[in-house]
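Chemist: All chains should be built: construct the whole structure from the sequences, respecting the hints.
In order, the protein sequences belong to chains A and B. The first sequence maps to residues 124 to 723 in my numbering. The second sequence maps to residues 124 to 723 in my numbering.
Note that these hints are calculated values from the structure, not bench results. Take every hint as true, because none was put in to throw you off.
Same chains, same names: a pair is fine if it fits in one copy or spans any two.
Derived DSS-like pairs (lysine-lysine); straight-line CA-CA distance at most 25 Å:
hint, residue 1, residue 2
1, K203, K357
2, K709, K620
3, K633, K455
4, K455, K640
5, K209, K170
6, K146, K499
7, K640, K620
Number of protein chains: 2
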Amino acid sequence: MAQKIINPQDLAFQLYELHEVEKTLAYDRYADHSRDTLQAALDLALKVAAEEFAPHARLVDEEEPRFENGRVTMRPEVGKALDVLKETGLMAASQDYERGGMQLPAAVAQMCVGLLKGANVGTQGYAGLTIAAANLIMVQGSEEQQKRYAEPMMAGRFFGTMCLTEPHSGSSLGDLRTRAEPQPDGSYRLFGNKIFISAGDHELSENIIHMVLARLPDAPPGVRGISLFLVPKKLVNEDGSLGERNDVALAGLIHKMGYRGTTSTMLNFGEKDGAVGYLVGEPNNGLAAMFHMMNEARIGVGLGSVMLGYTGYLHALEYARERRQGRPVGDKNPESPQVPLIQHADIRRMLLAQKVYVEGGLALCLEGSMLVDQKKHGPTDTDRELAAGLLDLLTPLIKSWPSRYCLEANSLAIQVHGGYGYTREYPVEQFYRDNRLNPIHEGTHGIQGMDLLGRKVAMAGGRFYLELMNRIETTIGEARHYERLVDSANRLQQTAKAMADATGAINRIKASGDVEKALANATLYLDAFGHVVVGWLWLRQAMKALDGLAGSGGQTAEFYEGKLRACEFFARYELPSVVTTADLLKSVDTTALDMADEQF
Amino acid sequence: MAQKIINPQDLAFQLYELHEVEKTLAYDRYADHSRDTLQAALDLALKVAAEEFAPHARLVDEEEPRFENGRVTMRPEVGKALDVLKETGLMAASQDYERGGMQLPAAVAQMCVGLLKGANVGTQGYAGLTIAAANLIMVQGSEEQQKRYAEPMMAGRFFGTMCLTEPHSGSSLGDLRTRAEPQPDGSYRLFGNKIFISAGDHELSENIIHMVLARLPDAPPGVRGISLFLVPKKLVNEDGSLGERNDVALAGLIHKMGYRGTTSTMLNFGEKDGAVGYLVGEPNNGLAAMFHMMNEARIGVGLGSVMLGYTGYLHALEYARERRQGRPVGDKNPESPQVPLIQHADIRRMLLAQKVYVEGGLALCLEGSMLVDQKKHGPTDTDRELAAGLLDLLTPLIKSWPSRYCLEANSLAIQVHGGYGYTREYPVEQFYRDNRLNPIHEGTHGIQGMDLLGRKVAMAGGRFYLELMNRIETTIGEARHYERLVDSANRLQQTAKAMADATGAINRIKASGDVEKALANATLYLDAFGHVVVGWLWLRQAMKALDGLAGSGGQTAEFYEGKLRACEFFARYELPSVVTTADLLKSVDTTALDMADEQF
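Modeler: Now the structure itself:
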């Protein structure tokens with residue numbers, strides 16, 4: 124693990140043994156692929172991550188992009204790394220062959236980006252946003268928009284952004300004010316201010332394509348009156364050549380605690396005559412259009428959290444193995460040699476906690492990626508519908524659980540390093556700062572809780588929630604056939620039962636009409652539900668590990684034993700608190716809701 | 124609360140109603156004081172904190188001290204603020220009148236420093252370390268050392284440091300190698316390297332007095348062979364005038380994630396002929412001498428964590444009241460005005476969590492401060508002995524509980540601010556970075572757990588542990604007389620009972636000789652025990668609040684009602700997880716202990 128980005132055995136185990144990504148090769152779309160071609164793409168991404176992205180991760184933190192003389196300047200290493208990435212074709216990893224893509228399964232395509240995130244989340248931001256914006260155009264845009272804008276994006280010639288947030292309306296998108304005025308030629312002129320626009324300006328690409336939410340003049344108020352527009356930094360002529368500069372101005376850069384390599388910008392649209400934009404999809408359907416891609420974007424956030432946690436874990440593990448400090452409990456001889464940190468129980472506990480968070484988080488994200496493919500390419504309508512529903516249900520968890528617990532992993536990685544971990548001479552403090560963004564962007568932790576409990580659990584009459592609970596129950600039943608897993612399976616069952624009871628109690632309050640009360644602790648529900656799902660994935664990992672030990676897998680016996688112990692740790696140290704939270708949720712407590720402003 | 128450092132009502136409530144600091148005025152030492160003089164000192168500290176310290180807190184983070192041409196340079200505001208502080212006499216707040224001190228009770232003296240920490244922890248560092256080093260000389264040093272070194276420190280002419288850590292031995296002090304060679308004149312020459320020495324060099328004072336742990340030539344190995352030395356940066360002549368530069372060289376500055384205003388240095392002692400040092404106290408008794416002051420230093424760390432959490436909470440509270448965002452659950456009218464953030468249940472939950480952490484943490488630190496005075500000035504030997512034992516027991520909790528939970532409060536303060544909280548345009552991200560040091564320095568979280576469970580709980584045959592548990596039980600009994608507190612009291616009793624059971628089970632394993640197993644989860648024990656003690660302090664606050672509502676107190680009805688709800692929140696949202704952890708501890712689980720290196 125010289126690169127300290129991922130444990131290659133774990134990646135292979137998760138993709139090929141746990142999630143059986145090779146099964147997706149049965150879909151026509153992936154018929155040309157084999158495990159070798161999938162692995163080749165991952166190896167390539169890991170090589171680029173380790174050789175081109177990781178080496179300047181600290182540099183772009185120390186020397187963040189600057190706004191000087193109307194231009195954004197940044198370290199040259201960023202452009203060089205992105206140029207190498209463009210060359211690999213990985214920016215179109217999931218796209219069609221005919222568009223210059225690789226047609227890789229979602230789990231592999233997302234993992235390729237994930238490896239870049241673990242290596243250097245700042246530089247990766249430019250590529251990640253471009254991939255997301257191109258995907259959006261490919262799903263929502265016209266054939267002509269796809270050719271003129273998305274294809275150069277997939278090739279890395281143009282980069283992209285997502286322009287949602289405005290200064291006066293963060294999470295409350297329905298309140299955005301940017302307006303779009305129709306022009307006789309079918310285009311629009313946009314006027315408004317956007318904030319927190321990542322990668323909003325730079326000189327890393329020939330052009331920047333902004334995907335902008337705005338309102339038409341006759342739009343209804345709120346979220347039903349939002350449309351999606353494509354606004355290029357430089358206009359693009361019919362032949363693909365670049366025309367004049369559009370009326371999009373960089374108003375300033377925002378300086379962040381972490382994630383500093385990716386510029387966060389304030390953009391003014393229409394300071395002069397209005398920024399030329401083109402409607403994408405139907406009028407007043409912009410939020411739905413944007414959210415069509417949101418599941419994948421949110422898996423991306425979750426996976427980014429995981430990978431920051433994962434690299435921190437591997438750094439802490441190496442440090443704990445190499446650094447000698449103290450003696451075993453009971454060794455009173457001050458002249459005996461100091462032992463490696465990893466020999467101390469508390470260090471091992473902190474490493475094991477990191478392991479269950481990051482490997483559990485990775486399993487969760489890849490579960491989502493597998494559903495992305497099943498949703499698109501599953502053999503029957505029912506398969507696809509079921510996958511789509513489960514993906515919708517799991518998305519808030521995939522986005523949120525890692526952004527909380529893999530951030531905690533980053534804190535533990537600092538703690539393992541002691542005083543050194545707090546210094547900027549070691550990388551773990553940067554991972555912690557970088558990862559702190561993830562519970563905020565792409566829908567805050569609180570928003571995800573409302574989404575899960577307020578919408579997803581109940582959608583389709585609770586069908587997908589029940590399906591997930593059934594799958595968990597099935598796994599528990601299977602795990603009980605393995606003697607070693609009976610205790611973990613029982614603990615998971617107790618936890619799932621407690622959450623089901625809590626869900627029932629909350630649903631009864633909701634049905635009674637007191638929605639505010641029902642949703643008052645939605646964030647706690649989100650965290651607890653996430654633990655149940657990750658506990659389920661740990662039990663599945665443990666079963667696969669036992670199968671592997673019995674001869675069916677490709678990893679070492681130590682690796683499999685580590686998975687078993689990690690499952691046991693999660694069941695014993697993490698799951699019991701969920702029962703406690705579930706009891707609180709079941710009581711539909713309103714202590715916080717009832718607290719008045721003036722009582723603080 | 125324009126200063127956003129502390130809620131003045133809460134400070135008054137905690138000092139005068141909860142902890143009844145006026146009772147210490149019965150001690151001869153404090154006979155000259157009255158509530159007015161105590162409050163005058165606090166008001167002065169708050170004024171200096173708000174006017175001189177807070178305004179440049181961000182500046183010293185952005186422009187941290189630099190090492191240039193052999194000198195440390197830093198922002199001039201630091202020296203200016205410290206000069207004002209010196210003028211106030213607050214650096215000798217707890218010292219004798221005859222030494223130029225104010226003879227303030229410990230709770231008030233420590234609180235004065237705490238206010239500076241909340242305002243600007245970086246600049247405060249120089250003063251805080253000086254006060255600690257001066258205290259150490261006053262307790263351990265000779266009359267002549269007190270006059271020549273400590274008095275100028277208390278006046279602010281000299282500053283001080285604590286030099287413990289060496290590059291190869293962080294937490295493992297017994298392995299330190301710095302050596303002290305006796306000289307014919309009774310002085311010593313020191314040779315060795317120290318790291319992470321806060322305030323180790325600067326030009327803020329006429330001189331710097333280093334308190335250095337080192338070994339005599341004939342010293343036994345390990346912690347029993349450590350002596351304490353006083354090593355001035357510049358030698359001090361008999362008449363108090365400064366002599367030549369000592370052989371102490373700044374080898375470099377360490378760059379930290381936060382707490383940047385306080386330099387962290389590497390110091391080389393004896394690059395040439397050896398650094399001239401003077402033995403403080405008895406030979407080979409240095410660690411005991413240093414630890415004599417450690418209780419107060421550790422209260423200082425805990426209080427620093429609290430105050431960083433507290434200022435973050437007040438910033439988040441103000442933001443939540445002013446920022447309008449979104450609508451109440453159920454309001455489907457997109458044209459209704461947006462409401463202040465504080466009207467959302469999840470925001471209130473995050474504010475309430477911050478409130479219970481920071482106000483609970485403050486109550487805990489002040490409990491320790493009160494014991495400091497009872498230990499020194501209590502009327503009988505028994506009182507003093509009991510106070511000393513309870514203080515020893517509580518110290519690891521006072522140091523650790525705030526450094527974990529008030530850091531969590533800082534994370535919640537960021538979350539309340541949303542994307543803005545992640546930017547360096549708002550102060551909350553700095554509080555979060557600054558506070559992340561506290562679980563590391565002055566004994567890591569893990570070390571504190573070992574101290575609590577391995578030593579403190581069992582000391583004197585468990586006498587002080589049992590005394591604390593009895594006090595908690597007594598409070599529970601008293602609280603049950605208030606109808607409103609019955610539920611909270613019952614929850615605390617259940618929690619305390621679970622911890623008592625866990626303690627018993629662990630003690631049995633320890634008695635059987637398997638100490639490593641008994642201590643394997645000492646950190647979890649620390650966290651859980653801390654919650655029991657803070658739960659006790661919340662119940663005591665709630666009783667005082669009910670008394671206040673009945674007319675005996677000086678605060679507003681809203682304030683008291685807020686305390687009651689906060690107590691309920693702590694009992695309902697925080698205590699139940701302790702029962703879960705206690706169950707795990709009772710099982711004396713060894714999952715992490717048993718994990719082998721190669722299984723990670």
